[in-house]
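All chains, please: the whole structure from these sequences, using the hints.
Here's the letter readout for the chains.
Number of protein chains: 2
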Amino acid sequence: MTEKWLVGVDVGGTTTKMAFITEIGDIVKKWEINTNTKDAGKHITTEIANSITEQLQTLGQQKQMLIGIGVGAPGFIDMETGFIYKAVNIGWENFPLKDELEQATGLPVIVDNDANIAAVGEMWRGAGDKAEHLLCVTLGTGVGGGVIVNGEILHGVNGMAGEIGHLTSIAEGGAPCNCGKTGCLETIASATGISRLAKEGIEKQKDSLLYTVNERKGEISAKDVFEAAKGGDELAIEVVKSVSLHLGLAIANLANALNPEKIVIGGGVSNAGDILLTHVQDAFQRFALSRAQEGVEVTIATLGNDAGVIGGAFLAKTSHDKS
Amino acid sequence: MTEKWLVGVDVGGTTTKMAFITEIGDIVKKWEINTNTKDAGKHITTEIANSITEQLQTLGQQKQMLIGIGVGAPGFIDMETGFIYKAVNIGWENFPLKDELEQATGLPVIVDNDANIAAVGEMWRGAGDKAEHLLCVTLGTGVGGGVIVNGEILHGVNGMAGEIGHLTSIAEGGAPCNCGKTGCLETIASATGISRLAKEGIEKQKDSLLYTVNERKGEISAKDVFEAAKGGDELAIEVVKSVSLHLGLAIANLANALNPEKIVIGGGVSNAGDILLTHVQDAFQRFALSRAQEGVEVTIATLGNDAGVIGGAFLAKTSHDKS
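Protein chains in written order, with the working numbering: chain S, 2 to 324; chain E, 2 to 324.
Worth double-checking, as some hints may not be accurate.
The list makes no distinction among identical chains, and a pair is therefore deemed to hold if it is satisfied within one copy or across any two copies.
[Unchecked claim] Straight-line alpha carbon distances no greater than 20 Å define the calculated SDA-like cross-link-like pairs of lysine to any residue that follow:
# : residue 1 : residue 2
1 : K39       : I68
2 : K242      : S196
3 : K64       : G26
4 : K323      : N151
5 : K87       : S291
6 : K224      : Q56
7 : K64       : G174
8 : K87       : Q294
9 : K39       : N51
Since the hints were derived computationally from the structure, they do not count as laboratory data.
Given below as C-alpha cells:
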C-alpha cells in the first residue's frame, strides 16, 4: 500500500499557505501563493487547484495520491455546506467555497474557520499533544480562538463558537473593538492592543524606553514592548502584566466552565515566549479553580505558521475516515 | 409492549428527590425522603433502594418495570465510575455511589453532578426545549452550572466543567468565596450574594425599604430584594441591576466562546422571574457578539425542583439506549 497525502490549505488575506501532509501529520511539502483578492476573490479556488497540480507534477506524483483537502478561511462560515457568508479581507460574500474548490480540484473538500483549524493543528501535532479538551487562543492582529471538546471542534448553534477575542475584559470604558463592542480581550491582548496600551503609557512615562522607540519609529510594536520588558523597562513590564492579567482571567474563566486539558497560546504575539507565558500562568492560577488547574497545562503553541495547514489536513483525514 | 419507567434521583443535603418517569420524560410519580447523613452517609443508598421498592408496591408494580436509575449528587464525582470523591453536605468521601446503589437495587445506575442533571432535565423537558447546545446556570445558595454540547453534558478533563459559579466577576477586591478565591460570580448572583449586597447597601441607604426589612427580621433575603425592587425601591433595583450585570456578562462571555442555543437560568433565585430576566438580558445583549446573540435565547428554567429527577431519568435512558 502506498502512503497517500492530505492537503492542508490556509487562506489568508495576503497569502494562502498549502501543504501535502501524510496521514500521521508529517509535512511532505509546504508552499504558499498570493491570495488573489481581485473580482471578489473568485479566482482563488482555481489558483489553489492549479498550484496543487503544479506541485504534484514537481514531485512526480498523480492526483490519486491525494485523499482530500481541508481548508481554513477567515470570516463567517457554514461548516456543513462550506459556504462563506462573508470574509472581508478576501472579498468573498456568499461564496460556496467547498463546492467551487471540489469542482476545481476533483477532490473532497472540508472547510472550517482559520482559528479553528489552527487549534486542531496544535491538538494533533503541536502543543496540544492530542488533548481531547483544548482551548487555543491566537494572538495576532486580532485575537482568535478555537475550542476543542471531546476531540472535535466546537461550532455551536450557528458556527460562532470560539470567539475568545470578544470576551469582554473591561465592562465599563474599554477601548472600541472592530466587532462594535468595547473592552473586548482583542482590544488588549492583540498586537494592536498591546501597541495601543504602550502608546497610552508613554504619555505618562516619558522616561520609558518605549517613549524613545516611538520617537524614533513613530510607532511601538508588540515586539518592542516585550523586548523592552525583557530589558527591565518599567512601563513595558506594566503593559505585559496588564495584558497577561486580562488574558489569564479570560482563559481561567473559560477553564472553569470547560475544564480543558491544554490551553495553547499561539499567533505572532506568542513568539514573546516565557515573558508572556509566566505572567499569563500567574494570572491563570489566581483565577482558575484549583481542581480545574490540576487538569490543565497553559502553554505556547509550537507549530507557528504551520498550524493551519496541519489542522486542515487533520479535518480532511477525519472527514475521509468517517465517509 | 408495556411501557417501562426510568428512575430519577436527586440527592441533596437535606432531602433526596425521586421519581418514576416514562421514556418520554413524563413524571408518573414523584416523592422525596430525608437524606440520612448519619455515619458519613452510608445508609443513603439502602434507603433509596427501600423507598423505590415501597413506591413500586404502592403502585402495584414489579421491579422489572424499571429500566435503570440516574442519580445527581453534589460534590466531586468521577462520572465514569460513579465514585464520589467528596460531597461535604452529605458526608460522602471516596464513596462508590454507583456500585453501592446498583448492589442495593439490582438496577443499572448512572451518576452525575447535580447541576449537570438539572441542565439535562431542562434540555429534555424544560426551557432548553431539546437544544443541543445549552448553558444552565442554577442560582441557589451557591451558583451551579451545566454545559451541554452536542446534546451531551460536558465534563471536561477531570469532571470539573460547568463551574460557572466560579467565573471571576470582580478581579480585584471581590468578596471571599467558599472555593477559596475571591470575586466569583457566586459571591454576587447566589441568594447569599444578593443578601450580602443588600446588607452592604443599607449601610449607605437607610431610607431603603430593605433597611426596614433588616430591622424587622435581622436579615434580608434574595426574595426580599426582588420584592422591594418590584415595588420601586431604589437600593433594591440597584442590587438587582448589579447582580444582573455580572450574571449577564458571565453568560455573554461564555456565549461568545460556546455559541449555545439556549441559556437557562434556574434555581430558587430565578423565581424572581421577569425583573431578573429582563435585566440579565439587557446585560447579555451589551456583552455578547451580535451573531452569537442571534442564535440564542436567554430564559428562565421551567421545571423547578423537578429538573434534577427528570435529568437523572434522561441519563438513565441514554445510558440504557447505548448499552
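Evaluated hints:
In the homo-oligomer, the alpha carbons of K39 and I68 never lie at most 20 Å apart, since the shortest distance is 30 Å inside one protomer and 63 Å across protomers. In this homomeric assembly, K242 and S196 come within 20 Å of each other (Cα to Cα) only inside a single copy, at 14 Å, whereas the closest approach across copies is 35 Å. Proximity of K64 and G26 under a CA criterion of 20 Å is satisfied intra-copy only: 19 Å inside one chain copy versus 53 Å between copies. For a Cα distance limit of 20 Å, the shortest separation of K323 from N151 qualifies both inside one copy, at 16 Å, and across copies, at 18 Å.
For the homomeric pair K87 and S291, the shortest alpha-carbon distance between copies (15 Å) is at most 20 Å, but the shortest distance inside one copy (41 Å) is not. In this homomeric assembly, K224 and Q56 never come within 20 Å of each other (Cα to Cα): the closest approach is 35 Å inside a single copy and 70 Å across copies. For the identical chains of this complex, K64 and G174 are neighbours neither inside a copy (55 Å) nor across copies (62 Å), given an alpha-carbon limit of 20 Å. For the homomeric pair K87 and Q294, the shortest alpha-carbon distance between copies (18 Å) is at most 20 Å, but the shortest distance inside one copy (38 Å) is not.
Taking CA atoms no more than 20 Å apart as the test, K39 paired with N51 passes inside one copy only; the shortest distance there is 17 Å, against 75 Å between copies.
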